[in-house]
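Please construct the entire structure, taking both the sequences and the accompanying hints into account.
These protein sequence lines map, in sequence, to chains A and B.
Quick note, the first sequence lines up with residues 1 to 214 if you use our numbering.
Quick note, the second sequence lines up with residues 1001 to 1457 if you use our numbering.
Derived from the structure by calculation, the hints contain no laboratory data.
One should not assume that every hint holds.
Said to hold, decoys possible - Here are the simulated lysine-lysine pairs, DSS-like style, with alpha carbons at most 30 Å apart:
#1 K1044(B) x K105(A)
#2 K1110(B) x K1154(B)
#3 K1196(B) x K1085(B)
#4 K43(A) x K1044(B)
#5 K47(A) x K1023(B)
#6 K1023(B) x K51(A)
#7 K105(A) x K1023(B)
As the list claims (entries may be wrong) - For each label pair, taking beta carbons as the anchor points, the in silico distance ranges come out as:
#8 T1094(B) x V108(A): 47 to 53 Å
#9 P151(A) x E1016(B): 22 to 28 Å
#10 R1399(B) x A90(A): 18 to 24 Å
#11 A1452(B) x E208(A): 30 to 36 Å
#12 R86(A) x A1313(B): 44 to 50 Å
#13 A195(A) x N1097(B): 57 to 63 Å
#14 E1029(B) x A187(A): 37 to 43 Å
#15 R1357(B) x G165(A): 35 to 41 Å
#16 D1038(B) x E205(A): 53 to 59 Å
#17 L168(A) x A1444(B): 26 to 32 Å
None of the values given here were measured: they were computed from a predicted structure.
Cβ atoms here follow ideal geometry from the backbone N, Cα and C, with glycine treated the same way.
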Amino acid sequence: MASKTRGAPQAPGPENRVVELPIPETDAALVAALRANRADAGKTLFKRYGKDVERVLFRVLGPDVELADLLHDVFVAALTSIDQVRDPNALRGWLTGIAVRKARKCIVKRRRWRIIQYFSPMDMPESEARVTPTEVSEALRCTYELLGKLPADERLAFALRHIDGMELTAVAAACGVSLATIKRRLARAQATFVALASEHNVLAEWVERGGLGR
Amino acid sequence: MTDFDFDQLGAELAREQDALLAKHNAQAEVRARITQLDLGTLRKAAQASATRRAGFVWAVGGAALAAAAIALIALRGLPLTAAPKVLSAQLSETGANVDVGQYVHVPPTKEVGLDFSDGSHIAVAEHSRVRLTGLRMNGADVSLESGLMHVQVKHRTETSWHISAGPFGVNVIGTRFDVRWKPEDDNFELTLHEGKVELSGCAFSAGYRMVAGQTVRTACKSGRFAMGSIDGSTAAAAGSGSVESFAAADQAAPADPQPEPVLEQAEPPQQVAPETEVPATAPAAATRREKPAVDKANVAPDFRALARKGQYAEALRAAKAAGFEQECARASARELSLLATAARYAQDTASEAYALRLLRDRFRGTKDASIAAFALGRIEFDNHGAYAKAAEWFRTYLREQPRGDLTREALGRLLEATQHLGDRAGVRELAGRYLSDYPDGPHAGLAQRLRASVAAP
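This is the structure we're talking about:
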């Protein structure tokens, strides 16, 4: 059992000069370290929240070729605007807000680009990523195909609430709008999703069943 | 409206996404990119970019508004300065940056100066230990772990400095004072030369405001403090004033405490030289007074100092020599954690558990108390093989810190403990939960194996 070795930690040695201590585990301490431009603070921020942010981006965008770049952009934005954090203890929520705004910007930018390219025979790839198509289930592929047709704000609300499982208040905070607005967006997203799914080759059957597994 | 089950669809998709992320995440790639970033350069570039954007906006649409604002500022006589930045700190002698979290251990031969970018200065006396715990645009947080420092804070609009010394706190606006903290004797002393400060902690409770010319001494365990004036006490008790003598007086008559003992302060106000060189008079004299031969023989080593040096076995011995339970009873949450750590490294599980349980009792509801619950679970699991008790402690941590720093570990250890208890339903539920929350966590392999084994008929 691996746990038997846990009882014998290595005692750190004494220090007698200016030494760099690990950044304390609180968010407030991490924010202070970031504001002080401490060398390892960016790495620590990513270590603590990199997975959370990537998960949020994945929830909103699905398998996406730009996921790594967006993840990078979120952290660069966070590192350059750390002075704007109002509540250092709510770092996770603040980063989620940045991730949501970056994802929204990406969706809107692609939509504009698609309009410009309207007469081109080439369509913009949206569902290709380091994840190969064969690994993606039909449910995932079709859902994001439909989400791609929703307005950006409604897509965000739908993905954060239903796929990531966030509380409505957290979704509202991440999107920077009121709870009532999020409820309206979510209701519109659900209605549009069902309407689109009813006409979809694969998803029409789900709608009849009321879900995936019924 | 439809009765389509969106949550069920979302949960299915989330599970699939988590599995895909576990296999194909961008963490390593982006971590490498982030690690290469130079935060200072990055932020300067961002500020420059923001300034350019702001300049463009102003040029196009806000020239009149800017002119009005500048005129208003000029009329009010306010200086036109750049946007405030977070303070920085350097060692006076070398100019080396001191970052938040860094610890300054002053050698026995000379004091060390810390220069702050707002013009404030702290001279840390010989043998002292100081840690920089925060830097803000309008101030800094400094922790005096032990010893003496001379503080000179430049007063500006909304200046906010905080000095902590053990259980005591000093809120500073703009002032000059000397503060001394001897954790081994539980002695705190502050002499305020200019300005005003607000003290907190122990006898000062939530706040006690001092004005220039006052000096105060206290010991947390005594629950009282002695306040006097610099001038008056100098005349009253020249030559006898030192923290040691105060402590000795306190210990000599513990059963007959005076309500407001007269302060025996003899030190004249000391100017802090901004240079690195040791002032020829006051600090050296203060250092000499700190080491009378008779005190050296009598003063027992303090567990905090020893533990912070990494001498854990000695720290535990010192705490036991001073009365382990009494030390625990008056220790702060951090000191209890320190005691528990010392006991752990000294492989004294009983003492570690005692400190941890007291930490939970005395500081209920704090993050430290939750971490203590996790540590108690680890002790029950690793040292006693008491898996039911261990499981209860890990559950306690998870209940108190559902998104804490140790949540993943607590869930994994709870899974292990549940496995030892032979609770198949619990294992199934916990393994599923672990894999859902931490598909690439350290217990993921075990969770997969256990889930497969309990699913088998």
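Hint by hint, here is what the structure shows:
no. : hint                           : result
1   : K1044(B) x K105(A)             : holds (24 Å)
2   : K1110(B) x K1154(B)            : holds (24 Å)
3   : K1196(B) x K1085(B)            : holds (25 Å)
4   : K43(A) x K1044(B)              : holds (18 Å)
5   : K47(A) x K1023(B)              : holds (18 Å)
6   : K1023(B) x K51(A)              : holds (13 Å)
7   : K105(A) x K1023(B)             : holds (27 Å)
8   : T1094(B) x V108(A): 47 to 53 Å : holds (51 Å)
9   : P151(A) x E1016(B): 22 to 28 Å : holds (25 Å)
10  : R1399(B) x A90(A): 18 to 24 Å  : holds (21 Å)
11  : A1452(B) x E208(A): 30 to 36 Å : holds (34 Å)
12  : R86(A) x A1313(B): 44 to 50 Å  : holds (45 Å)
13  : A195(A) x N1097(B): 57 to 63 Å : holds (60 Å)
14  : E1029(B) x A187(A): 37 to 43 Å : holds (38 Å)
15  : R1357(B) x G165(A): 35 to 41 Å : holds (36 Å)
16  : D1038(B) x E205(A): 53 to 59 Å : holds (54 Å)
17  : L168(A) x A1444(B): 26 to 32 Å : holds (31 Å)
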